[in-house]
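Trainee: Assemble chain B onto chain A, guided by the hints.
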Amino acid sequence: MIPSTPPDQSIERVDVAASDWRDACQAALERGERFCGAFAAGWGSAPRRWSALFADGASTRVLSTVPTGDELPSIVDLVPAANWDEREAHDLYGLGFDGHAPLLPLVSHPSDASSWTVPVEGEGVFEVAVGPIHAGVIESGHFRFHVVGERILHLDPRLFYKHRGLERAAEGRQLAEGLAYAQRACGACAVANSVAYALACESVLGLAPARELRRARTLLLELERLYNHLNDIAAVCAGVGFASGNMAFAALKERALRLNRDLSGHRFLFGSVEVGGSCLDLSAQAVDRARGELRELGQDTARVWREIQFSPSVQARLEGVGVLGHDDAARFGAVGPAARAAGVSMDTRAVSPGLWYGSSFTAAVPPGARGDVAARLEVRALELVEVFSILEELLRDPVRAGTASPDGAPAPIGVARVESPRGETVCVVEPEMSRIGRLHLRTGSYANWPALAFATADNLLPDFPLINKSFELCYACSDR
Amino acid sequence: MRGSLALRLVDAGSCNGCEHELTATAGPHYDLQQYGLSIVASPRHADVLLVTGAVTTRMLESLRTAYEAMPEPRLVAALGDCALGCNLLGRHEELAGPLEAVLPVDIRIPGCPPSPGRIAAALLEQLQQRT
Chain A
1 MIPSTPPDQS IERVDVAASD WRDACQAALE RGERFCGAFA AGWGSAPRRW
51 SALFADGAST RVLSTVPTGD ELPSIVDLVP AANWDEREAH DLYGLGFDGH
101 APLLPLVSHP SDASSWTVPV EGEGVFEVAV GPIHAGVIES GHFRFHVVGE
151 RILHLDPRLF YKHRGLERAA EGRQLAEGLA YAQRACGACA VANSVAYALA
201 CESVLGLAPA RELRRARTLL LELERLYNHL NDIAAVCAGV GFASGNMAFA
251 ALKERALRLN RDLSGHRFLF GSVEVGGSCL DLSAQAVDRA RGELRELGQD
301 TARVWREIQF SPSVQARLEG VGVLGHDDAA RFGAVGPAAR AAGVSMDTRA
351 VSPGLWYGSS FTAAVPPGAR GDVAARLEVR ALELVEVFSI LEELLRDPVR
401 AGTASPDGAP APIGVARVES PRGETVCVVE PEMSRIGRLH LRTGSYANWP
451 ALAFATADNL LPDFPLINKS FELCYACSDR
Chain B
1 MRGSLALRLV DAGSCNGCEH ELTATAGPHY DLQQYGLSIV ASPRHADVLL
51 VTGAVTTRML ESLRTAYEAM PEPRLVAALG DCALGCNLLG RHEELAGPLE
101 AVLPVDIRIP GCPPSPGRIA AALLEQLQQR T
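In the order they appear, the protein sequences are chains A and B.
Per my numbering, residue 1 is the first one in the first sequence, and the count goes up by one each step.
Per my numbering, residue 1 is the first one in the second sequence, and the count goes up by one each step.
Output of the computed footprint for chain B on chain A, the stretches with three or more beta carbons under 8 Å from beta carbons of chain B:
no. : segment
1   : 128–138
2   : 154–168
3   : 183–197
4   : 262–275
Just so you know, these hints were derived from the structure itself, not from any lab.
Positions of the beta carbon are idealized from the N, C-alpha and C atoms, including for glycine.
Only chain B is shown next, with the shape it has when bound in the complex:
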């Protein structure tokens, strides 16, 4: 993890707002790659699991599988208010979240959705702590 972080996203029931903003952090205005932060295609390649959404019952198994597939040491980031359990909407029976009830959460990135700047700042802080 020193000097770089490989990020893997799991959408566990978001509204797609957090995905739009995460994509923007890798886009031309923010360009997180220049700081050593990259979004990777597989949890097998990832240091950080970024999780969005309320964690639906239908995504629970896949989310756990992705987490188990990661090499250690690994970090879990709750990306956005839903993953953090703030103002959750939905039927109790359909939701397994918030994320904290399912996986140990190391990084909290609040916002609905968090802006690209906020996502970048939270991830860069992790990077600085580890270098």
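Just chain A, with the same shape it has in the complex:
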């Protein structure tokens, strides 16, 4: 595997007058750039700034503006994917967005349900409220379904029950200390969030990760993807009441977690990512043992997957359920397996020069790509094959401690985009002296929640757990 060559990854910041905000965003879209997040900065007496991120290959353009008062022109009509970003900035930074009406609360939890739900009226329409505590072992979040009979007309999700204020709490900390905030935002995406944070810090510090560091981080990212994809397939099996598939994949996941513990000392790989280096050290014997274990795990995974594929009663429950079509996936800015299942050929691993993916890496898009539960399950199975092959390559040689070396001047902003098991995760770090001025984490789950809510419409209420499991989004790293 020949890793793609590093250059051609720039972060460009462009200051825009508030009056030109929409034109500047429109121009970025017309150049073919992809919106990948927006964030407010500045609190109390500090001047407030509003920035939007646009991805162009491995490069990221940051458009920034300073509102003249408390309000800015909204871009939600140009970029529906900016819906949550604008609502969050309104709740947490008091920014208003002209043209975004109604600007419903997102992070704030007013007690009056009519203030945060879309009114749905008509004969036989009623509401079903679920959560924040669910019947299974699931993270906390609330879903307000508007239904006729068992048919869902519209879903208003209300998350942020787990909002810990991690981004604000990290402000003022040393850059190295900030890693804990990114990692602990989410247990299941701990590596992706940490690597995104470390890469963002390194671009702030003018450091470039050396080959060994890029390899170690890629290894950790793929180990994280491995146990997550196994977990997510188990969850979909549980969602259709297919107990043997659920148990088989849960057992495979347990083996992956034990391998993580053997390699990194932690089942979820916590503490294995650092800013500016890596102390992951695996001897020739350790990597050989891991490769042997992974080969067996790969064979067993393929065998159990075949059983699911050739079980017609399971397949019949997956097809045509929770459809997210190509155009809607693109419009909502969906990322990761959810986008690829809808035929959007996008995987940030293909444009990650700070990591160690082959130059021939391409996004896995299943044939047909119907965007239903079946397709989202199939993407993960396809990606598992790829994960085993990447890990086989990465573990061919012993892993030594890696470093990052000076490569250019320190920068006033660092942005990194990393493909987590759920899709592209974006981390922004703005330093203030040697400390964190602003930390922003926009995870693959955050990007996908609005698309999930959209995909539930016109489905049966009892299918919601299945649709939800097929996206398998995190609440923790959306809520932060």
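Mentor: What follows is chain B alone, placed relative to chain A:
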């Protein structure tokens, strides 16, 4: 409670690590059901309330409601370091925890996250004390 414990989880602001490990205790490698430990769908059916996370202000009311809904006698378990108030991260204004500040804690299961083996051992010890 004699011979079995019905468990109900409330995620009060975790990173989801404790949830992964609790799910594993009910999975094929650990299979806690064989010892009489089961995860139930409602606090109305539960003997033990397992609570994870830092206890956010937004989860406080739901957590209390779940506790009030339980029949007595009832036990509260702090599952994981966050619920125990160890190395908590977050803004003071957003957190109501640690759990001990909100509910009486009977069982402490440390770890970040505690391994399935550790969760199983802590719960089995409770079971043995009560049989």
